[in-house]
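A.B. asks: Listed below are the residues making up each chain.
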Amino acid sequence: MTKPKIASTSLCGCFGCHMSILDIDDRILKLVELVEFDKSPINDIKRFTDRCLVGLIEGGCANQENVKVLREFRSHCDVLVSVGDCATMGGIPAMRNGIPLKECLAEAYLDGPTVHNETGRVPHDEELPLILDKVYPCHEVVKIDYHLPGCPPPADAIWEAVVALLNNKPLDLPYELLKYD
Amino acid sequence: MNLKVDQVVKKLTAASGRDRTRMMDVVRGVQAELGCVSGEAMEAIARELGCERVEVEGVVSFYAFLSKQPKGKAVIRISDCVVCRMKGADKVTEAFEQALGIRVGETTADGQIGLERTACIGLCDQGPAALVNDVPVTYLSTEKVSEIVDSLTATGEPKKLVKTLGEGKNATERIHSMVINNVRKKGEVIFAGMEPGAALRKAAGMSPQEVIREVKTARLRGRGGAGFPAGMKWEFCRKAAGERKFVICNADEGEPGTFKDRVILTECPELLIEGMAIAGYAIGAEQGIIYLRGEYDYLRAHLEFSMAQMHEKGLLGDGIAGKKGFAFDIRIQMGAGAYVCGEESALIQSCEGQRGSPRDRPPFPVEVGYLNMPTVVNNVETFCCAARIVEKGAGWFAELGSKDSTGTKLFSVSGDCSLPGVYELPFGLTISEFLETVGGRDAIAVQVGGPSGTCVNPEMFDRRICFEDLGTGGSMIVFGPQRSLLDAASQFMDFFVEESCGWCVPCRVGNVLIKERLDRIRQGKGQAEDLDYLEQLCETVKRCSRCGLGQTSPNPVQTTLKHFREHYTQRLVESKDGLQPTFDLTAALGDAVEAQGREPVFHED
Ligand SMILES: Cc1cc2nc3c(=O)[nH]c(=O)nc-3n(C[C@H](O)[C@H](O)[C@H](O)COP(=O)(O)O)c2cc1C
Ligand code: SF4
Ligand code: SF4
Numbered sequence: 054m055t056k057p058k059i060a061s062t063s064l065c066g067c068f069g070c071h072m073s074i075l076d077i078d079d080r081i082l083k084l085v086e087l088v089e090f091d092k093s094p095i096n097d098i099k100r101f102t103d104r105c106l107v108g109l110i111e112g113g114c115a116n117q118e119n120v121k122v123l124r125e126f127r128s129h130c131d132v133l134v135s136v137g138d139c140a141t142m143g144g145i146p147a148m149r150n151g152i153p154l155k156e157c158l159a160e161a162y163l164d165g166p167t168v169h170n171e172t173g174r175v176p177h178d179e180e181l182p183l184i185l186d187k188v189y190p191c192h193e194v195v196k197i198d199y200h201l202p203g204c205p206p207p208a209d210a211i212w213e214a215v216v217a218l219l220n221n222k223p224l225d226l227p228y229e230l231l232k233y234d
Numbered sequence: 007m008n009l010k011v012d013q014v015v016k017k018l019t020a021a022s023g024r025d026r027t028r029m030m031d032v033v034r035g036v037q038a039e040l041g042c043v044s045g046e047a048m049e050a051i052a053r054e055l056g057c058e059r060v061e062v063e064g065v066v067s068f069y070a071f072l073s074k075q076p077k078g079k080a081v082i083r084i085s086d087c088v089v090c091r092m093k094g095a096d097k098v099t100e101a102f103e104q105a106l107g108i109r110v111g112e113t114t115a116d117g118q119i120g121l122e123r124t125a126c127i128g129l130c131d132q133g134p135a136a137l138v139n140d141v142p143v144t145y146l147s148t149e150k151v152s153e154i155v156d157s158l159t160a161t162g163e164p165k166k167l168v169k170t171l172g173e174g175k176n177a178t179e180r181i182h183s184m185v186i187n188n189v190r191k192k193g194e195v196i197f198a199g200m201e202p203g204a205a206l207r208k209a210a211g212m213s214p215q216e217v218i219r220e221v222k223t224a225r226l227r228g229r230g231g232a233g234f235p236a237g238m239k240w241e242f243c244r245k246a247a248g249e250r251k252f253v254i255c256n257a258d259e260g261e262p263g264t265f266k267d268r269v270i271l272t273e274c275p276e277l278l279i280e281g282m283a284i285a286g287y288a289i290g291a292e293q294g295i296i297y298l299r300g301e302y303d304y305l306r307a308h309l310e311f312s313m314a315q316m317h318e319k320g321l322l323g324d325g326i327a328g329k330k331g332f333a334f335d336i337r338i339q340m341g342a343g344a345y346v347c348g349e350e351s352a353l354i355q356s357c358e359g360q361r362g363s364p365r366d367r368p369p370f371p372v373e374v375g376y377l378n379m380p381t382v383v384n385n386v387e388t389f390c391c392a393a394r395i396v397e398k399g400a401g402w403f404a405e406l407g408s409k410d411s412t413g414t415k416l417f418s419v420s421g422d423c424s425l426p427g428v429y430e431l432p433f434g435l436t437i438s439e440f441l442e443t444v445g446g447r448d449a450i451a452v453q454v455g456g457p458s459g460t461c462v463n464p465e466m467f468d469r470r471i472c473f474e475d476l477g478t479g480g481s482m483i484v485f486g487p488q489r490s491l492l493d494a495a496s497q498f499m500d501f502f503v504e505e506s507c508g509w510c511v512p513c514r515v516g517n518v519l520i521k522e523r524l525d526r527i528r529q530g531k532g533q534a535e536d537l538d539y540l541e542q543l544c545e546t547v548k549r550c551s552r553c554g555l556g557q558t559s560p561n562p563v564q565t566t567l568k569h570f571r572e573h574y575t576q577r578l579v580e581s582k583d584g585l586q587p588t589f590d591l592t593a594a595l596g597d598a599v600e601a602q603g604r605e606p607v608f609h610e611d
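So the sequence lines, in the order shown, correspond to chains C and E.
Residue 54 is where the first sequence starts when you use our numbering, and the numbers rise one by one after that.
Residue 7 is where the second sequence starts when you use our numbering, and the numbers rise one by one after that.
Treat the hints as calculated values from the structure; they're not laboratory data.
Predicted model, so just to flag it, every value in this text is computed and none were measured.
Certain hints may be false.
[Unchecked claim] Derived DSS-like pairs (lysine-lysine); straight-line CA-CA distance at most 30 Å: (1) E:Lys166 to E:Lys17; (2) C:Lys121 to E:Lys17; (3) E:Lys568 to C:Lys196; (4) C:Lys56 to E:Lys582; (5) E:Lys166 to C:Lys196; (6) E:Lys17 to C:Lys222; (7) E:Lys531 to C:Lys155; (8) E:Lys548 to C:Lys121; (9) E:Lys568 to C:Lys99; (10) C:Lys196 to E:Lys17.
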């Protein structure tokens, strides 16, 4: 029997959520027995090679590239999970949402006290994705099937969630893995 | 220091006895005389009343009719009530914007005229309507706009806008208003007329316990909306311990579509005053307060005159109806534009000169109310009924109406019907009978009890209007076939978003989220799961909110979802590719295209 495929990506996140995935420690060996990783930073596969059962999304959408990747995930994965607060709510990057984008860029590249920028322009190279007007949580861009809260969610929560999804069982996380205060 | 500010503040604080609890009178006075309550005025008020400036600022920022920034000499406040908008308020607003050359929320450059929107001002049966300062202007139309603007520009006197006077006491010198009463049906209780003092004299011959028993036997239920048994409330208050007790009349009448208290206050304030004095007698209170909504300021002189007359006749003050020891007096407390102040504990806060945020209940006002003393708060109409019950007997009253909702009820009827106005009808009639009476036969829906009530569909038209079936504080809005119920629900949600006091997150944030999701559906971008989301969110807001506002604010959406589901499902879309129809990449990139100075490039893999 072929193993189900799983993919993951970090959009506008800090990779902390992926670190947390790695924090499942030796269970990663079990995971590899259970699934095969497709596109993911963990194996550095850049393009989808096949349809996946589960896609784990870290980070929200802050730029055009994030949207493109997220849409790809939607079209290649049966189930998408927003992992962590950045994916579910925008998280830390969304702190800029109260400030108009133009002001943010001006502060960063034109007017900030430590800026030295002789071009007097905001970077505009075509290789750089354009920035969205605000940071969007993933479910505002595509349909997201599940949300896993936490910054990052504990390794145990991620593990339990993935195992439950693979076995098509309801997820019963203990309160300690979901409370954040 | 600005001498004028200081003088005005000193004068007003002195007039209110430098009493911190009378802050509302002071800030309202300062607003009226100086056009705003500036930071400087706040400092001065705080000094004179012996409180912190932040307390003054808290009050000023809470109420819609108070402001820190100067307003125009004349402020035109257009009612943006659903009903006024059905009748064309939006067009009128646009016409004002054009004629004045300003947008809503702005003031003309010469500081003369300001333009604002305001929540329902209780003139739904004669809308579109507006208040110009405290002067109600009714039956607005785009044609009348230039006339109004010209008159205001020429005279600066809102009173000059009153050309034809309304009927009844609206035409008296003290009210002098174009408002009409529109009483379409007089019933046995409120509008039947009563000989002045008849109820008070009867009460004076009874013991307080007998009065309470009479009200209980009549099974009188509160007319403000919730229908709590009035006699029971009075009894609780009578039994509660406290050096002093108070009677408060809730004349805040803020529920959109409600305007029947306005008509009572205009035509028969004496009946209300008798009812309040009887309540005072029953519970052992010598002081009463009428909490009058800021929008009804034009009725204040009239109410004061009525009270003075009652004093002269020995029906207020000491020795009422010739009975030694029967003393009762009333003061009027003006509100300043806040729907939530109709909630009884918020109303008490406001009477004490605080922000109108509701208190935790329990303890209920009957135990810890005004100045922390036991207090009865009842609706205007409830007091009137009580007076009539004492006068004519509980048996007479209990025979009217339905089993659990005795007596008659005043209905404020507006919307798509040929005979809008005020009706006094016995409780228990069906919606169909009601629609027949008010000329609304082709109605597709009736909003029973205002936005915080229920939107009923034609299959429910055989349901009965009474607390045991469809309860209402009196607001009845009829929707004809040309109306979009989702638009109305969205406007109702705007109202709640605006009027939430902001204390609890579910109400402050939840209502905004409900409104956003509803609008998504209205724009044809909603999906089936949005309905589940709305249902859950409505339930959360209702269950987790502290006061009646948040506990009912989801009703416009919740009840239409239940009774008019097809209005929602018709507009849903299905996203086959799993993309959110609400996300517009081009729009989201708009700012960057400007700031980064290039068009987006869409790379193919
Ligand atoms: C947000 C809100 C607004 C209210 N507005 C009014 C009002 O304008 N008039 C009124 O009589 N009751 C209003 N009520 C109900 C009062 O809290 C209170 O129940 C009522 O005044 C009691 O009087 P009753 O028993 O005679 O009806 C409101 C309640 C809430 C929660
Ligand atoms: S949720 Fe926290 S850990 Fe995860 S990407 Fe965001 S900031 Fe990093
Ligand atoms: S429910 Fe709303 S209005 Fe009532 S106390 Fe809470 S925030 Fe204020």
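A.B. asks: Taking the hints in turn, state whether each one holds.
C.D. replies: Do the hints match the structure? See the list:
1. With a C-alpha separation of about 28 Å, the suggested pair Lys166 (chain E) and Lys17 (chain E) falls inside the 30 Å cut-off, and the hint holds.
2. The suggested pairing of Lys121 (chain C) with Lys17 (chain E) is violated, with an alpha-carbon distance near 67 Å, which exceeds 30 Å.
3. Among the hinted pairs, Lys568 (chain E) with Lys196 (chain C) is consistent with the structure: their alpha-carbon atoms are about 25 Å apart, no more than 30 Å.
4. Under the criterion of a C-alpha separation no larger than 30 Å, the hint pairing Lys56 (chain C) with Lys582 (chain E) is consistent with the structure, at around 27 Å.
5. A distance of roughly 59 Å separates the Cα atoms of Lys166 (chain E) and Lys196 (chain C); the hinted pair therefore is violated under the 30 Å criterion.
6. Between the alpha carbons of Lys17 (chain E) and Lys222 (chain C) the distance comes to roughly 74 Å, so the proposed pair goes past 30 Å and is violated.
7. Restraint check: the Cα-Cα separation between Lys531 (chain E) and Lys155 (chain C) comes to about 28 Å, which is no more than 30 Å; the hinted pair holds.
8. Between Lys548 (chain E) and Lys121 (chain C) the CA atoms are separated by roughly 39 Å; this puts the pair beyond 30 Å, and the hint is violated.
9. For a cut-off of 30 Å, the pair hint linking Lys568 (chain E) to Lys99 (chain C) is broken: about 48 Å separates their Cα positions.
10. Proximity of Lys196 (chain C) to Lys17 (chain E) is assessed by CA-CA distance (about 63 Å); at most 30 Å being required, the pair is judged violated.
Consistency note: the structure conflicts with the earlier hints numbered 2, 5, 6, 8, 9, 10.
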